[in-house]
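> From first to last, the protein sequence lines stand for chains A and B.
Reading the first sequence from the start, the letters are residues 1 to 257 in the UniProt record's numbering.
Reading the second sequence from the start, the letters are residues 1 to 257 in the UniProt record's numbering.
The hints are simulated quantities; they were obtained by calculation from the structure and are not laboratory data.
By construction, the Cβ of each residue, glycine as well, lies at the ideal position given by its N, Cα and C atoms.
Some clues are possibly wrong.
Here are the simulated distance ranges between beta carbons [what the hints assert, rightly or not]:
1) A129(A) x D157(B): 33 to 39 Å
2) A129(B) x Y36(A): 44 to 50 Å
3) Y36(B) x E218(A): 48 to 54 Å
4) E218(A) x E237(B): 32 to 38 Å
5) E218(A) x R27(B): 37 to 43 Å
6) D233(B) x A129(A): 18 to 24 Å
7) R75(A) x H94(B): 22 to 28 Å
Here are some of the chain A residues that sit facing chain B, going by a computed Cβ distance under 7 Å [stated by the list, open to error]:
8) S80
9) S87
10) E111
11) L115
12) I117
13) T121
14) E122
15) Q175
16) L178
17) V217
Sample of chain B residues lacking proximity to chain A, with all beta carbon distances greater than 12 Å (derived) [said to hold, decoys possible]:
18) Q84
19) S103
20) L118
21) Q126
22) F155
23) R172
24) Q175
25) H203
26) P219
27) V221
There are 2 protein chains.
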Amino acid sequence: MTAGETNGADESIDAGAPRDPEAALARLAGRHAVGYRSVGVMAYDIIREAILDGTLPPGHKLRQETLAELIGVSRLPVRSALIQLESDGLVEFHDRRGAVVKSLSVEQAREVYQLRILLETEALRQSMADMTDQRLARLRELGRTADAKQEGGDFVDARTAFYAELYDAARRPIQWELIEQLRLKVGRYMLGWRLVGDDTHHHSHDELTDAVAAGEVEPAVQLLQHHLEGVRDGVLEMLEAETLAQATPARRRRSRG
Amino acid sequence: MTAGETNGADESIDAGAPRDPEAALARLAGRHAVGYRSVGVMAYDIIREAILDGTLPPGHKLRQETLAELIGVSRLPVRSALIQLESDGLVEFHDRRGAVVKSLSVEQAREVYQLRILLETEALRQSMADMTDQRLARLRELGRTADAKQEGGDFVDARTAFYAELYDAARRPIQWELIEQLRLKVGRYMLGWRLVGDDTHHHSHDELTDAVAAGEVEPAVQLLQHHLEGVRDGVLEMLEAETLAQATPARRRRSRG
DNA sequence: AGTCTGCATCTTGGATCCAGAAATCGAGTT
DNA sequence: AACTCGATTTCTGGATCCAAGATGCAGACT
Chain A
1 MTAGETNGAD
11 ESIDAGAPRD
21 PEAALARLAG
31 RHAVGYRSVG
41 VMAYDIIREA
51 ILDGTLPPGH
61 KLRQETLAEL
71 IGVSRLPVRS
81 ALIQLESDGL
91 VEFHDRRGAV
101 VKSLSVEQAR
111 EVYQLRILLE
121 TEALRQSMAD
131 MTDQRLARLR
141 ELGRTADAKQ
151 EGGDFVDART
161 AFYAELYDAA
171 RRPIQWELIE
181 QLRLKVGRYM
191 LGWRLVGDDT
201 HHHSHDELTD
211 AVAAGEVEPA
221 VQLLQHHLEG
231 VRDGVLEMLE
241 AETLAQATPA
251 RRRRSRG
Chain B
1 MTAGETNGAD
11 ESIDAGAPRD
21 PEAALARLAG
31 RHAVGYRSVG
41 VMAYDIIREA
51 ILDGTLPPGH
61 KLRQETLAEL
71 IGVSRLPVRS
81 ALIQLESDGL
91 VEFHDRRGAV
101 VKSLSVEQAR
111 EVYQLRILLE
121 TEALRQSMAD
131 MTDQRLARLR
141 ELGRTADAKQ
151 EGGDFVDART
161 AFYAELYDAA
171 RRPIQWELIE
181 QLRLKVGRYM
191 LGWRLVGDDT
201 HHHSHDELTD
211 AVAAGEVEPA
221 VQLLQHHLEG
231 VRDGVLEMLE
241 AETLAQATPA
251 RRRRSRG
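Using the sequences and the accompanying hints, generate a full structural model.
Here's what the structure looks like:
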């Protein structure tokens with residue numbers, strides 16, 4: 001139990017990241033410190049959350065030993081976690097050169113939203129065919145929560161819960177799994193989405209719930225589709241800006257200069 | 001080479017396996033012996049192929065050490081492979097009790113085909129919008145190959161190549177990835193599919209190519225959908241029979257007559 | 001005689017250690 | 001002074017070793 005401060009945290013690593021990933025990740029690791037059956041899944045959760053909330057930005061090199069030290073485990077569970085994350089499409093292994101946080105191209109993002117629209121509108125149609133008052137009530141509650149949280153770390157979680165209920169995830173586990181995969185790929189880029197989005201979407205969940213409650217399938221589907229397209233446009237905009245920023249040669253720190 | 005057959009707890013407990021998984025897997029391992037950059041991906045490929053071709057039937061317990069010995073590596077790459085296969089949905093980890101080959105329930109199979117129809121008909125529509133003569137020619141060739149091979153190990157591979165070309169996988173990598181995931185889940189159950197299927201499907205690929213060549217979108221989509229539904233019915237039938245067969249074997253508890 | 005509990009054994013999960021490869025840094029040469 | 005080649009260093013990937021938990025059997029108790 002070597003919980004606590006890591007002595008090697010102040011080593012001079014070339015800080016190409018905007019913030020300090022090390023400290024933020026150590027904080028994350030602290031939050032996840034206890035209550036896990038195996039440290040492998042703990043490492044998975046920590047790294048995954050770090051990627052999703054932007055602590056580990058796309059392109060960031062994931063050194064196994066650093067991660068292991070920060071989390072407080074050996075390199076082995078970190079490797080397991082990275083393998084899982086590779087299957088999730090969040091990290092990318094370069095043959096013998098380690099893993100990096102996968103970036104999303106504009107084309108990929110566009111394809112993701114195209115697929116999300118296809119899968120989620122279908123899920124909504126199917127779900128509305130079996131709507132119950134109970135689920136509707138839960139949906140109303142979750143939608144209100146999702147609308148309320150327009151930022152913050154659990155912002156994505158609230159929306160996930162809403163859509164899980166909306167699509168009746170329990171009854172279509174595989175479909176929901178696919179949707180989750182897709183949401184995972186773009187979730188990171190929705191963190192600052194509010195900055196470029198306008199107020200149009202602020203009550204979208206509640207509106208959607210209204211349409212669902214009214215049993216109007218096609219209007220609800222249209223609402224959902226337009227919502228997704230709006231988010232897509234915001235994400236694409238941000239992604240293009242980010243791509244341009246990445247293409248711009250960053251300040252190159254020479255150790256001598 | 002202590003195979004560990006001393007105790008009564010050896011692999012003969014579940015005698016439900018049709019052939020001897022050990023020998024077949026060893027053969028597979030031999031075929032994959034050389035030409036891999038890392039033994040981890042080799043282990044992954046071997047185990048994956050063994051699951052897909054039925055060598056390791058659903059429900060089979062995957063003991064890490066046995067697999068490691070058969071493949072000829074340590075347990076570590078086997079673990080990596082199993083983790084990846086878990087993400088692929090082919091194996092299932094039971095907390096501290098190891099991994100087993102995941103079985104597919106009838107409901108899951110039904111859902112898979114529902115999703116495949118959704119995703120693949122959409123892929124076909126999109127693909128036909130950008131059809132070229134070159135791809136059409138390749139498609140014709142691949143379809144003929146797929147129709148020719150109605151059995152054997154590369155039976156699935158031939159079909160995969162055909163559909164990859166049909167759906168223009170290169171232009172929609174994520175969509176194709178999802179389709180591949182779904183095909184993976186049911187691929188195992190199509191091995192003996194010809195036994196229950198009739199001759200209706202024998203030229204389906206060529207027919208489909210005809211419709212695609214003619215540029216008739218909706219007829220082609222209908223053809224594809226009906227084909228998938230036909231395969232689905234066959235798989236469901238087989239799955240139900242298998243489920244019954246699995247429920248039947250008398251788990252002989254010590255009950256005195 | 002049946003059942004419950006405790007012990008032995010087996011198997012997974014994790015940590016430490018070792019080898020191979022790649023990147024980097026430096027020195028030598030042109 | 002710049003380019004190239006080589007050696008060092010670092011990092012990944014793999015193997016062996018160790019601990020923890022679960023399973024199964026056997027013995028004792030009711």
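> Could you check if L178(A) really has its C-beta closer than 7 Å to a C-beta on chain B?
holds (6 Å)
> Taking the CB of R75(A) and the CB of H94(B), does the distance hold inside 22 to 28 Å?
Once the Cβ atoms are compared, 25 Å apart, the range 22 to 28 Å for H94(B) and R75(A) holds.
> Would F155(B) pass as off the interface with chain A, using Cβ distances and a cut of 12 Å?
holds (24 Å)
> Are all beta-carbon distances from Q175(B) to chain A longer than 12 Å?
violated (6 Å)
> That 18 to 24 Å hint for D233(B) and A129(A) (C-beta), does it hold up?
Given about 23 Å between the Cβ atoms, the range holds.
> With 48 to 54 Å as the target window, see if Y36(B) and E218(A) comply at their CB atoms.
At roughly 52 Å between Cβ atoms, E218(A) and Y36(B) fall inside 48 to 54 Å, so the hint holds.
> Verify that the Cβ of R172(B) lies farther than 12 Å from every Cβ atom of chain A, and report whether the claim holds or is violated.
violated (6 Å)
> Just checking, V221(B) versus chain A, shortest CB gap more than 12 Å?
At about 14 Å from chain A, V221(B) clears the 12 Å cut-off, so the statement holds.
> Report holds if the minimum CB distance from L118(B) to chain A is greater than 12 Å, and violated otherwise.
violated (6 Å)
> With a cut-off of 7 Å on the beta carbons, see whether S87(A) makes it to chain B.
Cβ of S87(A) sits 3 Å from chain B, so the hint holds.
> So, as I understand it, the hint says Q175(A) touches chain B; can you test that by seeing if any CB pair is closer than 7 Å?
At 6 Å from the nearest chain B Cβ, Q175(A) passes the 7 Å test, so the hint holds.
> Have a go at the E122(A) hint: is there a Cβ in chain B nearer than 7 Å to its own Cβ?
E122(A) check passes; min Cβ-Cβ to chain B is 6 Å, inside 7 Å.
The earlier numbered hints that this structure contradicts are 5, 12, 13, 17, 18, 20, 21, 23, 24.
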